[in-house]
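**Q** Residue numbers (the numbering used here), protein chains in the order written: chain A, 8 to 355; chain B, 8 to 355.
FYI, nobody ran anything at the bench for these hints, they're computed from the structure. There may be inaccurate statements among the hints.
[Stated by the list, open to error] Dumping the calculated BS3-like pairs for lysine-lysine here, alpha-carbon to alpha-carbon at most 27 Å:
(1) B:K287 <-> A:K350
(2) B:K338 <-> A:K287
(3) B:K350 <-> B:K338
(4) A:K350 <-> A:K338
(5) A:K287 <-> B:K350
(6) A:K338 <-> B:K287
[As the list claims (entries may be wrong)] Which residues of chain B face chain A? A partial, calculated answer using Cβ under 8 Å:
(7) V74
(8) Y85
(9) L232
(10) H252
(11) G253
(12) A270
(13) T273
(14) A302
(15) P345
(16) L348
The structure presented is a predicted model; accordingly, all values stated were derived computationally and were not measured. For every residue, glycine included, the Cβ atom is placed at its ideal position computed from N, Cα and C.
Chain residues, written in single-letter form:
2 protein chains.
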Amino acid sequence: MYLDQEIAEQPVVLQRLLSEESATARQIAAAIRDFDPAFICIAARGTSDNAARYAQYLFGAQARLPVALATPSLHTLYQMPPNLARALVIGISQSGRGEDIGQVLADAREQGALTVGITNDAQSPIAQTAAYHLPLLAGPELSVAATKTYTAQLAAIAMLVTALVDDDELRAALARLPGYVAQTLTEHIASPLAGPLWVERYRYMDAFATIGRGYNYATAFEINLKIKELCYIAGESYSEADFRHGPIAVIDRGFPVIVIAPAGKTLPALLDLLGQLHDKGAELLVISNEEATFAHAQHAMRLPADMPEWLTPIAAVVHGQVFAMRLALVKGHEVDRPRGLTKVTVTR
Amino acid sequence: MYLDQEIAEQPVVLQRLLSEESATARQIAAAIRDFDPAFICIAARGTSDNAARYAQYLFGAQARLPVALATPSLHTLYQMPPNLARALVIGISQSGRGEDIGQVLADAREQGALTVGITNDAQSPIAQTAAYHLPLLAGPELSVAATKTYTAQLAAIAMLVTALVDDDELRAALARLPGYVAQTLTEHIASPLAGPLWVERYRYMDAFATIGRGYNYATAFEINLKIKELCYIAGESYSEADFRHGPIAVIDRGFPVIVIAPAGKTLPALLDLLGQLHDKGAELLVISNEEATFAHAQHAMRLPADMPEWLTPIAAVVHGQVFAMRLALVKGHEVDRPRGLTKVTVTR
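Work out the full structure, taking the sequences as your base and the hints as a guide.
**A** Pasting the structure below:
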């Protein structure tokens, strides 16, 4: 099995990325300052699209840059691309081979936008099309479900934002990232099939929801995608706020909900939601570094206590990766090659 | 029951909006041309957020304006709002009372952005905060699930884009909109409890997916939300492209999928996906005006043959509204007041 190795490798991958590509990030940040974009547009699909969701909050909050997610079909199927001339356009793709993402970058570059690719293959078309490239250096990812390339994508975004804001506190926190992720993994240090298999409780789970807000809106989506890909269970992901606008109606006694609720600005809203979900009898799995969130949790997944909120998505998702992998094993699925999926999906 | 009346009322609501507010739309379009925004940022929640998804494609394709969806929590919880000074910022809210949407508009106006509110209440805080207001004139919506205000929101966006592009063909098509929606409703003309109750087949459906692409990406989300709100069934919505990146793994024999596949630019990709879903044994419900899409469909929901693709979301969603309402009735639910929901959701 490759998946457990790739999950375990993440602190090393993050350390390598920080050590070897910080200069590249600073160079791209300088180009961004020169260009002075009115906004950022990010083109991505699947797991990379969840990295884009993280970028939306991190660039917005720390660099005050609004982020739009691209509409690739306007570039490909409709051939009516919006005008991105005043934008920084970032293409995120593990393989660097998504044709539609490449088309968005090509159109944007022609329109005069500043273009950046974030991929795990410096020779890929997307890396070549963009004016700048930030390589993930994650090494080959052999399991179909993306894990180490996802956390590397988030770290790459955090590196760009940190270089752009040029703030000592952000820089110091980012340097601690590999340690935070390693600490998160220690909760799962035993081999996936050893130890108390608490995930067996979810063997027949047939629906679920994941909820986050702000920085961890992305985490809700990514954990959801991992469970879906590896366990073939239909689940939904929401921002805490959107969830109250309708979807909360589906919550019934025993409905499993994974809530990402780290200490920070989103905590009061998430604590309130956790109370409501408990009142409805939901089964709660909580990822947090704040003990109060575990009050009604069936299962607590802990994050490092001193981790700043903006970095928590890079550790929180690791709990979801391990949960999805273990549940897939409990269900007897082939974890490295889930049914119906291929590593590189070419969409137009 | 109000819901069936509000669904049936939609052609009249659309006609009134087109007749009475086209001048307002032209006035706002003139202000947009003067301002020359680098991009659009739309703040919305729940059903209104699905209207924003439609706006993303329509403004992008027809007016070449890129659209970002706002991140309200950066304005409220984090109090680190991105800089929207070079944006047209549109707040969409049925009630006009979403506090977080109001905060995005207030911040944007202070930063120097051009602000527009689209609401069903001219006296509401959002209508008052924005520099311009486009009223929906949909009349009171008494059922908790939004129907006529959603189609009115889409029509309001179509009116703004048509006024901005100032094209005779778009204008002529828009004038036919109430007729298209009336024609779509005729398929469901019998009272919801009369006639062959084909929805009974789905009485015990416990999961589902909705898929669209481009203009109808919004429709996939909105039909999904209606089924979730009214029938309490967890379902997921996807763009055809994202669906291939992972979620397709959950499709198994008998899994119900609602596909919106009108004639137009997205048709070849959707026909290909329909074939794949059929091969996997999925149960297909198809909304289209192209007979080829019905080849493997368990149930066909027809759209007017000559309706241009960009307007189809306003008719396609009606099929989903009726399906969700009928299924809720078959399940014995209280359709006007679904459990756990209130008409106005205040999120911060």
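**Q** Which earlier hints can't be squared with this structure?
**A** 12, 14
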